[in-house]
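Student: Now for the letters of each chain:
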Amino acid sequence: MAKYAMVIDLNTCVGCNACMAACTLENQMPVGQIEEDGEIKWDTTKWRTYVHDEEIGVGNDVHRRFFPRLCNHCDNPPCMSVCPTGATYKTDDGFVLVNEDLCMGCQACAMACPYKARVDITYADVRQGKEFYGSDYRRTRPSVDKCSFCNHRVEKGLKPACVETCVGESRMFGDLDNPEDPVAQMVASGEAQPLMPHIGTRPNVYYINDMKRRG
Amino acid sequence: MEVNITYETQDIWTWWFAVYLYTGGLGAAVVAVTFFTDMYLKAHRNLVLWGAGAGFVLLSLGSLMLFWHLLDHLAVIHVFNPLAMFNQPMAWIAWGTQFILWMMIFAVLYAIPYARVTPLFQNAPLLGKALEWGFVVKLSDFVEKYRKLFGWLAVATGVGVAVYTGLLLQSFPAVALWANPGVVVLFTVSAFSTAMAFLLLIMYTIIKDDADEHLRVLYERSDLGLIGAELLIILSFFFYLQRGPESAMRSWEILFTDLGWLIGFIGFGLIVPFFLELKGVIKGWTSHAPIIAASIFVLVGGYLLRHYFMYAGVYAYPW
Numbered sequence: 001m002a003k004y005a006m007v008i009d010l011n012t013c014v015g016c017n018a019c020m021a022a023c024t025l026e027n028q029m030p031v032g033q034i035e036e037d038g039e040i041k042w043d044t045t046k047w048r049t050y051v052h053d054e055e056i057g058v059g060n061d062v063h064r065r066f067f068p069r070l071c072n073h074c075d076n077p078p079c080m081s082v083c084p085t086g087a088t089y090k091t092d093d094g095f096v097l098v099n100e101d102l103c104m105g106c107q108a109c110a111m112a113c114p115y116k117a118r119v120d121i122t123y124a125d126v127r128q129g130k131e132f133y134g135s136d137y138r139r140t141r142p143s144v145d146k147c148s149f150c151n152h153r154v155e156k157g158l159k160p161a162c163v164e165t166c167v168g169e170s171r172m173f174g175d176l177d178n179p180e181d182p183v184a185q186m187v188a189s190g191e192a193q194p195l196m197p198h199i200g201t202r203p204n205v206y207y208i209n210d211m212k213r214r215g
Numbered sequence: 001m002e003v004n005i006t007y008e009t010q011d012i013w014t015w016w017f018a019v020y021l022y023t024g025g026l027g028a029a030v031v032a033v034t035f036f037t038d039m040y041l042k043a044h045r046n047l048v049l050w051g052a053g054a055g056f057v058l059l060s061l062g063s064l065m066l067f068w069h070l071l072d073h074l075a076v077i078h079v080f081n082p083l084a085m086f087n088q089p090m091a092w093i094a095w096g097t098q099f100i101l102w103m104m105i106f107a108v109l110y111a112i113p114y115a116r117v118t119p120l121f122q123n124a125p126l127l128g129k130a131l132e133w134g135f136v137v138k139l140s141d142f143v144e145k146y147r148k149l150f151g152w153l154a155v156a157t158g159v160g161v162a163v164y165t166g167l168l169l170q171s172f173p174a175v176a177l178w179a180n181p182g183v184v185v186l187f188t189v190s191a192f193s194t195a196m197a198f199l200l201l202i203m204y205t206i207i208k209d210d211a212d213e214h215l216r217v218l219y220e221r222s223d224l225g226l227i228g229a230e231l232l233i234i235l236s237f238f239f240y241l242q243r244g245p246e247s248a249m250r251s252w253e254i255l256f257t258d259l260g261w262l263i264g265f266i267g268f269g270l271i272v273p274f275f276l277e278l279k280g281v282i283k284g285w286t287s288h289a290p291i292i293a294a295s296i297f298v299l300v301g302g303y304l305l306r307h308y309f310m311y312a313g314v315y316a317y318p319w
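Sequences listed follow chains A and B, in order.
Quick note on the numbering used here: the first sequence kicks off at 1 and runs consecutively.
Quick note on the numbering used here: the second sequence kicks off at 1 and runs consecutively.
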């Protein structure tokens, strides 16, 4: 049985946001638009992954960092344990998934998630999705959605959409149970580190520090 | 890894969720206190009818708040399945739903024998007839026969609801204000304190029976002890949040610089009623007005506690 994980190399993320777009279209996320500073932009608050554009450092030692975030597919997922209907569940190979039919949308999972990885899909979003995506649209009801590591692609031997499209090869996807897998090696060596391990969620998304190489 | 930390409060469960926590805790504790009083301290028809009625209405109101905000209302059916508790043993909403549901059922059942001999219910247009249906009469006799069993079932599920409101917040690990055992104790103590205040208000303004004086004194003394305990818990939160992790310190900054929390909740919701009731217990009052005022303050304070707790929970995001 595989144990899937993602490593994100912050040194090579160029902030193109192609991962956000690829994920949104692959997983048919809401595509609302908002006006910001006089510009019409995509409303990214309901997308499964997001790339933060931030400055890090102090004084003259400041640099720009693109920081992608998504569901961490935790081994001890608080969103799953608080779910009253069992809609959020974890598969043996590490995917934390949502059964839309069981989800009543109480959003306890969103409250429990330390990574802000849960997205509310409302009746209005479903209606809008039907118009935008047409007859291919798969959603039928509201739910509290999340990244699935594109399990539907992985099961076919493909990579998640965000990994497939990543031009800087910043996002890498692999099997932690396979010692030959580069992702497993980066995690085992400690080069890639999880976010907020002290919370006890045992996340499966790891980051390679961009500050080390800047020395 | 060096990260920028962003601190955010949430806008998912806001004031309406505070209402759910408040009415849930208050309603459940009112049922538990009135039924316990009726079983062991003084058989009291009016108190039971008030307790069961208020408990039913308050819990219905709170549950409606949560139901209204569900994304998929039809899917609520899944949480009514009692097996949800065992399939998801750490999901407190699953437990809470069952406790709320069964507490409401036991509360109504326990009150039926009293309702059948109460003119207000006997003369009510539809209810009066329903209370004389053969099935209801048999049910009433059955409840009468096993009165304490039904009473204890209502008390136990009522305590369960009050405790649940704290356990629910405790299960969110990212927020230091919530993810600690103090929340469970605080919300349970507050639920029973507001229940005492509610019952004192009813006994002084509606029931008005001098034969209840010993009960009113007992409730006042109990509430005094509960408010004292609540002050102690708030004090421990003050120190815990001030020197805790970053998320805790941010919550401290929100709470202990806000006049609504400091003056509204701690001042008028705890300290003022504490001293009003303390004077009542030590020297007594010549009028009921101070205790009525203290009860109103405690009831408003109970809501403010939950309101501020929902708004002051801080997430620390590493981006």
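Hints in this document: simulated from the structure, not taken from any laboratory.
Among the hints, a few may not be true.
Said to hold, decoys possible - Straight-line distance between alpha carbons at most 16 Å, and here's what the computed EDC-like set of lysine to aspartate or glutamate pairs gives:
hint, chain 1, residue 1, chain 2, residue 2
1, B, Lys42, B, Asp212
2, B, Lys42, B, Glu253
3, A, Lys3, A, Glu169
4, A, Lys116, B, Asp209
5, B, Lys148, B, Asp11
6, A, Lys159, A, Glu26
7, A, Lys46, B, Asp212
8, A, Lys3, A, Glu100
9, A, Lys116, B, Asp38
Said to hold, decoys possible - Calculated Cβ distances over 12 Å to all of chain A for the following chain B residues:
hint, residue
10, Met1
11, Glu8
12, Arg45
13, Leu70
14, Arg147
15, Glu213
16, Leu232
17, Thr286
As the list claims (entries may be wrong) - Reference excerpt, derived from the structure (chain B facing chain A, CB under 10 Å, subset only):
hint, residue
18, Gly128
19, Phe274
20, Phe275
Bear in mind the structure is a predicted one, so any value in this text is a computation, not a measurement.
The C-beta atom is built at its ideal place from N, Cα and C for all residues, glycine as well.
Student: Straight-line Cα separation of lysine 42 (chain B) and glutamate 253 (chain B) no greater than 16 Å?
Tutor: With Cα atoms ~47 Å apart, lysine 42 (chain B) and glutamate 253 (chain B) exceed 16 Å; violated.
Student: Leucine 70 (chain B): least C-beta distance to chain A exceeds 12 Å?
Tutor: Incorrect as stated: the minimum Cβ-Cβ distance to chain A is 5 Å, not above 12 Å.
Student: For the pair we were handed, lysine 116 (chain A) and aspartate 209 (chain B), check the Cα-Cα distance against 16 Å.
Tutor: violated, 55 Å
Student: Would the least Cβ to Cβ distance between arginine 147 (chain B) and chain A come out above 12 Å?
Tutor: Given that every Cβ of chain A is farther than 12 Å from that of arginine 147 (chain B), nearest at about 33 Å, it holds.
Student: Are all beta-carbon distances from leucine 232 (chain B) to chain A longer than 12 Å?
Tutor: With a cut-off of 12 Å, leucine 232 (chain B) remains clear of chain A, as the shortest Cβ separation is near 28 Å.
Student: Compute the least Cβ-Cβ separation between glutamate 213 (chain B) and chain A, then decide whether it is above 12 Å.
Tutor: Label holds. Min Cβ-Cβ 45 Å, cutoff 12 Å.
Student: Next pair to validate is lysine 46 (chain A) with aspartate 212 (chain B); report whether the Cα-Cα distance is within 16 Å.
Tutor: Answer violated: lysine 46 (chain A) to aspartate 212 (chain B) is near 57 Å, above 16 Å.
Student: May I ask you to check that arginine 45 (chain B) keeps its beta-carbon over 12 Å from the closest beta-carbon of chain A?
Tutor: holds, 37 Å
Student: With the threshold set at 16 Å, check whether the alpha-carbon distance from lysine 148 (chain B) to aspartate 11 (chain B) stays at or below it.
Tutor: Violated, at about 44 Å.
Student: Given a cut of 10 Å on the nearest C-beta pair, is the interface hint for glycine 128 (chain B) held or broken against chain A?
Tutor: With a closest approach of 38 Å, the glycine 128 (chain B) hint is violated.
Student: Compute the least Cβ-Cβ separation between methionine 1 (chain B) and chain A, then decide whether it is above 12 Å.
Tutor: Nearest chain A Cβ is 4 Å from methionine 1 (chain B), so the label is violated.
Student: Would the non-interface assignment of threonine 286 (chain B) survive a Cβ cutoff of 12 Å against chain A?
Tutor: holds, 49 Å
The structure shown violates the earlier hints numbered 2, 3, 4, 5, 7, 8, 9, 10, 11, 13, 18, 19, 20.
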